[in-house]
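All chains should be built: construct the whole structure from the sequences, respecting the hints.
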Amino acid sequence: MASDMQTGGRLATAAPAAIELRGISKSFGPVQANRDIHLRVERGTIHGIIGENGAGKSTLMSILYGFYKPDSGEVLVNGRPLTITDSQTAIRAGIGMVFQHFKLVQNFTVLENIILGAEEGRLLRPSLSKARGVLKRLAQEYELNVDPDTRIEDLSVGHQQRVEILKALYRQADILILDEPTGVLTPAEADHLFRILEGLRAEGKTIILITHKLREIMEITDTVSVMRRGEMVASVRTGETSPEELAELMVGRKVLLNVQKAPARPAQPVLEIRNLRMVDDAGVERLRGIDLDIRAGEILGIAGVSGNGQTQLLEILGGYPPKGSTVSGEVRVNGGPLPLAGAACNAAERRRQGLGHIPEDRQAEGLIMDFAAWENVAFGYHDAPEYGRGPLMDRDAIRRDAEGKIARFDVRPPSCDLAARDFSGGNQQKIVVAREIERNPDLLLIGQPTRGVDIGAIEFIHKRIVELRDAGKAILLVSVELDEIMSLSDRIAVMFDGRIMGERLPNEATTGDLGLLMAGVDPATAPPDTMPPAHEHVEDLPREA
Amino acid sequence: MDLNTVLQILDSAVRLMTPLLLACLAGLYSERAGVFDIGLEGKMLMAAFSAATVAALTGNVWLGLCAGLLGALMLSAIHGIASITFRGNQLISGVAINFLASGLTVLLGQKIFGLGGRTPNLTPGAELEAQVTPFRTWLTDVAGADLATWLTATPRLSGITLPFAESLRPVPVLGPLYAEVVSGHTILVYVAFLMVPLTWWILYRTRFGLRLRAVGENPASVDTAGVSVTRLRFAAVAIAGLLCGLAGAYLATGLSAGFVKEMTAGRGFIALAALIFAKWRPWGALGATFLFGLLEAIANRYPNLDLGIVTVPSMFMNALPYILTVIILAGFVGRAIPPRAGGEPYVKER
Chain L
1 MASDMQTGGR
11 LATAAPAAIE
21 LRGISKSFGP
31 VQANRDIHLR
41 VERGTIHGII
51 GENGAGKSTL
61 MSILYGFYKP
71 DSGEVLVNGR
81 PLTITDSQTA
91 IRAGIGMVFQ
101 HFKLVQNFTV
111 LENIILGAEE
121 GRLLRPSLSK
131 ARGVLKRLAQ
141 EYELNVDPDT
151 RIEDLSVGHQ
161 QRVEILKALY
171 RQADILILDE
181 PTGVLTPAEA
191 DHLFRILEGL
201 RAEGKTIILI
211 THKLREIMEI
221 TDTVSVMRRG
231 EMVASVRTGE
241 TSPEELAELM
251 VGRKVLLNVQ
261 KAPARPAQPV
271 LEIRNLRMVD
281 DAGVERLRGI
291 DLDIRAGEIL
301 GIAGVSGNGQ
311 TQLLEILGGY
321 PPKGSTVSGE
331 VRVNGGPLPL
341 AGAACNAAER
351 RRQGLGHIPE
361 DRQAEGLIMD
371 FAAWENVAFG
381 YHDAPEYGRG
391 PLMDRDAIRR
401 DAEGKIARFD
411 VRPPSCDLAA
421 RDFSGGNQQK
431 IVVAREIERN
441 PDLLLIGQPT
451 RGVDIGAIEF
461 IHKRIVELRD
471 AGKAILLVSV
481 ELDEIMSLSD
491 RIAVMFDGRI
501 MGERLPNEAT
511 TGDLGLLMAG
521 VDPATAPPDT
531 MPPAHEHVED
541 LPREA
Chain P
1001 MDLNTVLQIL
1011 DSAVRLMTPL
1021 LLACLAGLYS
1031 ERAGVFDIGL
1041 EGKMLMAAFS
1051 AATVAALTGN
1061 VWLGLCAGLL
1071 GALMLSAIHG
1081 IASITFRGNQ
1091 LISGVAINFL
1101 ASGLTVLLGQ
1111 KIFGLGGRTP
1121 NLTPGAELEA
1131 QVTPFRTWLT
1141 DVAGADLATW
1151 LTATPRLSGI
1161 TLPFAESLRP
1171 VPVLGPLYAE
1181 VVSGHTILVY
1191 VAFLMVPLTW
1201 WILYRTRFGL
1211 RLRAVGENPA
1221 SVDTAGVSVT
1231 RLRFAAVAIA
1241 GLLCGLAGAY
1251 LATGLSAGFV
1261 KEMTAGRGFI
1271 ALAALIFAKW
1281 RPWGALGATF
1291 LFGLLEAIAN
1301 RYPNLDLGIV
1311 TVPSMFMNAL
1321 PYILTVIILA
1331 GFVGRAIPPR
1341 AGGEPYVKER
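If you read the sequences in order, they're chains L and P.
Using the working numbering, the first residue of the first sequence is number 1, and each one after it goes up by one.
Using the working numbering, the first residue of the second sequence is number 1001, and each one after it goes up by one.
To be clear, the hints were calculated from the coordinates, so they are not data collected in a lab.
No experiment lies behind these values; they were computed from the predicted model shown.
Incorrect hints may have been included.
Below, a sample of chain P positions facing chain L; criterion: calculated Cβ distance under 7 angstroms [claimed, not checked]:
no.	residue
1	1060
2	1206
3	1218
Even for Gly, the Cβ is constructed at its ideal location relative to N, Cα and C.
What follows is the structure, given as structure tokens:
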């Protein structure tokens, strides 16, 4: 199998491919979103592109749809080179795109949305009646039933997505790109979508499916490409790979980090979560009954491909459940209940209850980028008595405190007055970590502690986390970096689709085992033939440079 | 209150609502396309000044009207470049336009006419005659005396008597209503009223209207459909400029005879309030601006409204349209959902 896999993803075939990308690169400022991408998608197939959030999938597809111009590289559609300067060019070349966030006008009817930009003439009436006819035909052909006169805002998300697909088909798209199409769908809607896609493939259409869900790739695609950090790391036939292999390719494996730590000495339970459920504003259940316990003096790591409910779990525990969501279940900290809704459910109250939180996105949630380091060190704790002098803030006290933290956490440059945005990613993270850890919380929530952080800072942050554990505190660590989870955690829970798929001890767990759990397969119940093959060959797979 | 008084008030209301209606429709085009426009006031003011100035210098109101349209269009271009091309803050751009117009009109007016910022009175008389004479003399040399006299003899818009206005007058109620309220207005009044069904038709029955509404709701939907967001928004802002131009020209050459400092007196803001009241719909704009026009007409007619027990002071009556504006803006008129993308410069997202 490994011999089939080549960097560049060229599978040997003769007929011109529906889409061929040659050496596409694109960077946004210093961020290289796509690096020398080669891709070949055969006509009449469903091709999956899988990768972590931020791996560059969406950027690549936006290039294909004329939203971005690549810095270099070539696009061939049906064997002919094509310079896609805008969406109109892409549409004319027969490319249709269903974006992750639908591009629909909410208070327009289905028909109006479908003809928008593809009208027949200056007046609407002829376009509308033509579209009505075409829609009827498409509905029969592909199970794409939508009432043409309903307003988009009155449609379910699944139906809105059908409108997007109809929009593409109305423009006679031969190549359909779907970006994370099932992220917003219920399982039943997702199954229906897959039936539609199979129908389209049977008609000879080419489909590119972007996702980070392994189950979908295995279920519906003919071929699959894996992207990681802007590069295409593999292209294979779906039948010749396994979910755990793909999971590993996606997450990637770096030099194993060594964290020196003594065995954990777990004491009394600090965090107890019972049957925690959350339904988001679109009515999709994001958490489906989470049960977790963390004791004082231990680190529980939550592994999983991002987008499986980890973010929502952290936000709920952190005191800011996603807007419009309904949360149920029971959470206790040190035996006391944690309010999951209402006025008492807020981040300040959580801090009073002994929680600290290092949020997943430090720039959006952890820091105010334009404010100075010393101010950022006080945020969230600005009501602390030592920071105040009557109704006023004691600037000197805050600055002295910040200086101490910056020195102890080796923030570079050690300047209190520098704005947060002027620090490197690793030093920004150190500011957040210093603020939360030095408050000595009973329970520390940590999301992606080392995302975009350099190696030196990673080691430093890991050491501090272990020190906090040794001081008898409970730590919930969420990370998509499997290495980080494996080396830091005392226990590992794997999350998939809003559920805890299973728990493992780090010294017993193998990456293959965890990979299967991350892919939503429980090895204990799976039939033997879906078990991962032996692992040596994975080492031969192409890696990023 | 007899029928005659009612008719006179209604007649006055129609005149007073016209600039509001035109400005309101101007705002409607702009905001439906997602560009907030608090510069309606400034554009009207600039148009009023340009129209009155050119009308005073040439004695020809139609040249004045063209100048008014140009003046407003120029400010629209500034708004478009600032808020569409450079994705600036639409409110700030609008405020800047209002200040610019307020200062520039008085400055230029003083420079040209030396009358303390106003233009000469456009009713035929010595003051006007002095301004028109050079142009007429020049025109006489170029085109002959007859043509020159004819071309320079209409410094103001005059009323148009509709057919049968006099012969139908004897018909009870409807006759006087037709003769007094419907007939006898200047051309711009009829243009304003015709703009209502026309705008409705454009918005809901044409391709341009569909795209215009879409770009104000979700510009990404237009962009991904391969249609230029920038071009659509510029078109909308330009239409808004033209309608503001008509509104301003009407103020200075139809409703009054000449430009005076700050003569729009907040009408641009009242038009915005009416737009919210109208929920961004053309027919609603007609109703909302009629209400404002009616209030102003009543205030003009009864400076001190005697209600028997108390006499409402004139200051209060004059303040009525503004009080109504505050009430509307405070949200007492039910939920008005503005275009979803309003106020947001369009930036392609990753």
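How the hints compare with the structure:
| no. | hint | result |
| --- | --- | --- |
| 1 | 1060 | 35 angstroms, violated |
| 2 | 1206 | 6 angstroms, holds |
| 3 | 1218 | 5 angstroms, holds |
Hint compliance for this structure: hint 1 alone is broken.
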